[in-house]
Structures are given as structure tokens and as C-alpha cells.
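Protein sequences appear in the order of chains P and G.
Count along the first sequence from 1, add 5, and you get the number used in our numbering.
Count along the second sequence from 1, add 5, and you get the number used in our numbering.
There may be inaccurate statements among the hints.
Since copy identity is lost for identical chains, a pair holds within one copy or between any two.
[What the hints assert, rightly or not] Straight line, CA to CA, 30 Å or less: simulated DSBU-like cross-link-like pairs of lysine-lysine: (1) 316 with 303; (2) 323 with 340; (3) 302 with 76; (4) 160 with 303.
I should point out that these hints are in silico values taken from the structure, not numbers from a laboratory.
2 protein chains.
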Amino acid sequence: MPEQLFSYKQLFDFADTIFQKIGCSPEHAETATKTLLSADLRGIDSHGIARLSGYVRLWEVKRVNANPDIKVLHETPSTAVVDGDSGLGLVVAPYAMKIAIEKAKNVGTGWVSVQNSNHFGIAGYHAMMALEHDMIGMAMTNASPLVAPTFSIDKMLGTNPICVAAPAGNEPAFVADLATTTAANGKLEILQRKNADTPVGWVQDAEGNSSTDANILKKGGALLPLGGDREHGSHKGYALGAIVDIFSALLSGANYAPWVPPFPAYVPMPAQQPGKGIGHFLGAMRIDAFRPAEDFKKDMDHWIQGFRSCKTIPGEEKVLVPGDPEREFEAERMKNGIPLLDAVVADLAQLGNRFDASL
Amino acid sequence: MPEQLFSYKQLFDFADTIFQKIGCSPEHAETATKTLLSADLRGIDSHGIARLSGYVRLWEVKRVNANPDIKVLHETPSTAVVDGDSGLGLVVAPYAMKIAIEKAKNVGTGWVSVQNSNHFGIAGYHAMMALEHDMIGMAMTNASPLVAPTFSIDKMLGTNPICVAAPAGNEPAFVADLATTTAANGKLEILQRKNADTPVGWVQDAEGNSSTDANILKKGGALLPLGGDREHGSHKGYALGAIVDIFSALLSGANYAPWVPPFPAYVPMPAQQPGKGIGHFLGAMRIDAFRPAEDFKKDMDHWIQGFRSCKTIPGEEKVLVPGDPEREFEAERMKNGIPLLDAVVADLAQLGNRFDASL
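Isolated chain P, as found in the complex (with noise of 0.2 Å):
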């Protein structure tokens, strides 16, 4: 796959002048181009600025609002429900997830259920803010229906993520950011491009069939729940895509199951709209609200060392711990530039010019 190394820099610069020329505030653009950004170091590449000119599409057609007014709708000491203001999720979450971790100082935990927001990127990139404050953090957001249910033929949830990150001492911190899907939709992608087929148990077909076609979602296909077929489990990804959707709409008055607004600019409004927007969910738990935070942390070394040092099954090298390949990622990206394929940086340049701005 043809593709040409940025610096962090000239992506960050890029992103940053283009949320502006839409009507960002200066503080809104770079926490939106920070959060777009940290899925492209991680190697989430489907969540990272190969999105922005589908934001723009959305910003186009009046979804999302440029200069939202954030405000908080109702709160309790541990709890907060926010209204994004039809604004960025890349900006609103971030704004949500810092009321989560005031709360958790205060009380000890924090939870910000969000309604009328839009796509947030990646969930770590917020989980991972309660990392520097001693906190376990954590991060939910719904998104576009594409799954189907065990035994539906309907696609109900989206690939519905949960991210939680736990700090620890001299390891790196534990990050768990994973849809409750299979695979998710950037991983169908990739084998598009490649022309290659998906495994079975990642998606089916419009007639509810088992597929290997990875365009299949064009198709009138659904993406299958963690688990993939009821004798596998997948009840219990479709149980926890549902919590997601509870969680993250059902609290906070935002759309739901499969009402809840595709990210494609182009794809028209769900008839319905039972609520506002898309909906996320932040948590902040502080450590020494519980125990000790260096025991914690020591704790967790120790759990982490544990799962490093595993016998490995044949012809593997090692066992990960939950956010050892984003890291590894982010490592190596920060020091030898981001790959972009062609395809996204010719979509890149078009915006450029547009906008006046180039890469």
C-alpha cells in the first residue's frame, strides 16, 4: 500500500489550522487535533486524521457546531450529565472527562454521562487523562449502528468501545481500549484494501448468513459482536455494546441503539431521533479513595510482570499486556513520522486547498 511519512508536527499543524478555519476557537482546535491525533500515534489509523474531512462533511452540513456552548445540564457530587452543544466529541468529551476527574478529587469518583455530542476518536485518549491525576479512568461512547445482535438480521449497536486505563508504577500504565465487536470497522477496511477476505465471526450477511466478504457492511451486511456466533459468546458482546448504549445514552438523553446518527455526512438522519446527538460516558476513579495509590501502583507492577513473564503458546513471542502495541506505536511514530496512505493524503491535500492550509 503506497503511503508517505508525516512528522507529528506537520500533521498536528494541519489539523489545528483546519478545525480553526471551520470556526473552532484556538483552544477547542488543538484539544480537537490533540485527541484526532493520538489515534494515528497509537496506530488506530481508521480513528485518526484520515476522519478530519468527514468532519468537515459534518461541520458542512450543520451536525456539528463549531463554537459549541458546553454546559453541564445536572449534576451531584459523583455525577454530571453534559450537553455537547451538537459540538465535536473530540472537544466535548475532553471537557466531560475533566468534570469526571474534579468530581473524583472531590468525592472520589466522577462520572459524566454526555448527550448531543459527536464522534469522539479514540476512547483511550480520555480514559488515559485520569492516568497523571493517580486515577483509573475510563471511556464509552456509541456510535453509528452497524452490529447486529446475536440472531438479528437488524443492526441495532455500534461497535460500542470501552477503554479503561489503570496506572501503574515503574511498568507503563494498563490500557484496555477495545470495541465490543469481533473486529472493529477499521480492521474491514484494511482488508478491503487488500482484497482479502475477514475470518469467520466478523461479519454477516443481509439475509444474517455467515460472510468472509469484507465489503459486506456495503451490502446491507452487520458486523458481529464479540464472540461472533451464540456458541462462541457473542450474547455477551452484544451484552457489552447494550451496557455501552445504556451507559452512554440512556443516562444522558442522548440517541440510542439504532438511532443514533452515522458519522457519514451523507448517510441520512435515522427517521427517529429519540434523543440528542451521539452519547459518551467518562469515569474517574481515584486510587486513594480506595487504597493507597504507591501500593496500587507497586501492585500492578507486579500483576503487569506476572502477565510478561507467561509461557508462551508455540510459535508466539510474547504476552502483551493491554496497551503494549498502541505504546509501541506511539514510540516509534513520534520518532520516525506517521504513515499516510495516498489516498488519505491526496483527501488531505483537496482539503488544503480548500481551506487555504497544506501539509
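Mind docking chain G on chain P? Use the hints.
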């Protein structure tokens, strides 16, 4: 499989008597019995009265303290750590969940991590305690190491279940109660009794090869995390099991990872014990700490009805909502009785002889 039917009351009186005979107070015996039998009622037979003699054996070897002094070690307005004093998890977990609920009444949410406990029955019982308060309930526990992380031969985690229970309005509550493995150990036991193989993706052998032998755990094999293998997302099931371990044990100071005490009393304790007993994590979120409970419950009804009316894949009758199968079991068994395998009845009869109690 030959079995006999017993009324809930018959089993309740029997288990309650046994718990009192080993020294539980009447109040603790009643709580332990209710928790234990909720598994039988809900169709999770592996976690119900079939385990009663297992709990008694743990008491015999002094790993269960029938008269625990359960206490709060540390707390903030929204958190607490509870020391279970080696009590039955069946008693300790409801105690901790009550604290979570009280905290949620005061500050919106409550989160309790528990150390020095024992197996707590089904997660669902504890999470569902929140429902009558118009709260979302959560329950997790770590457990004996039976699960190999992705790429590992070593068994590092338990089946570490997660339950989330959320109230609805006219519809029954949403109750997702799931082991973070492809299949829980109880499913293997059913196949063992039938002399049947497991599907691919449930277990691996002692060398880490894929296996379909339902007896493989006795031969050094392991259960696999939800997903089964890397290609099907087992790193996600592994991450979820790890999250449960961190919340339940690293936050509380309980044993974690492969150092969690085994349930069978005849299995020696791990050589290393980095914490105390096994760990749980209980949570409660007051709905109206986010938005009016009536609005939430109306949306939950709409959500549930949406899933129930999905078009089904060929050959399937209906799309289920998490909690449906267990609720149907409960209604049926409360009315018609609880079936116990002859082997379980014989085991209980022996227990009854010893403690002068009859079934």
C-alpha cells in the same frame, strides 16, 4: 440426566439450616441462602446449591469464617474498601453492595472494592440489589485462575464475571451477567456429564493448542478468554477479565491474577499471596443523579422493545434482551420447582446426614 424436583422453600430451609449449623448467624445464613439459591432459580446451576458442600469444605479447612467481622477499611463519599474477614462471599458481597447503594443515595454513585472474601455466587444477585432503588447496579469478582490470556499457556485469570443491571419501566430490567471467557466452567461441566466435546474456541490444552476436550482443564488445559483466539478478539476478553481483576483485587488489596485462592478446598493455596482472600467490586449509580428516572425508564422500555422486535436470522425464534433467559428460568422454577441432578441430591443428602438436616 436423572434429576429430581425440589421447591424453592425446600432448598431454602435446607441450605439455611446448613449455614446455621456451621456457625453463621440466622441473619447471615438467610443472606447466604438467598444469594446461593438465586443461581438455581436463574438457571445457573453450577453456582447454586450444588456448591453448598464446597462452601462447607472451605469452612472445614478454615478458609471460610462463618462469623466474620466485616468492616470498612477506608472510605470517601463515593467509595469504600471492605474487609470481608474471610467470610462467605455470599454474605460479604451483599454487605458491600448495601454500602454502594447508600453512597449512591448520598452522592449519586457508590463503588466498593472488597478484599479478604470468598466466592460470591452469581454476580447478577448483587447487581440486581440496586434495581429497587432505581439505580444501575454493577458487580464483578475475580476467581481461581483457569483462563490463559492470549498467547499464554499459563493460567492467569479467573472467569471473572461482570454484571450490569439497569431498571426499565413496564419492561423487565436489563440484566447482563457474563463470564469474560467464551464459555464459563459450568458449561464445560454440562458437556463432561454428556461425554460431549466443546466447540472450537472454548479451551486449549496444556501446550496451548486448540482443543475440544471438555475434560482438558483436568489435564493442564485452560479456558479461553471471550473471543477464543487473537483473530477472533480473545485479547478483548483477556482485557475484560483483567479489568475485573484490577477493580476487584488491585483496588482492594485482595489476591490477584494466578494467586487467587482456588474454590475447591482440596486444591492447595498458591505459594505466593500478594493480597488477602479473593476480591469483588460492587457499584451503584442512582439514575436520577443523571436524569429523571421516569425518563430513563421510558427510554429503556423503548430500547428493549426495539431489540425484541428485530428481524431474526433464519431458524431463530427471537432476539433476546440480556436477562431474558434467566428471568424465564426464575418464573418457571419458582412455580414448578428446581431440578437437581441425582449426584447433587446425593451430595446434599450426605451433608444433611452429617449436620442432622433433611432435604
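Now the hints, each set against the structure:
1. 316 with 303: within (23 Å within a copy, 51 Å between copies)
2. 323 with 340: within (24 Å within a copy, 52 Å between copies)
3. 302 with 76: Classified as between: cross-chain Cα gap 24 Å, same-chain 34 Å, threshold 30 Å.
4. 160 with 303: between (44 Å within a copy, 22 Å between copies)
The structure shown violates none of the earlier numbered hints.
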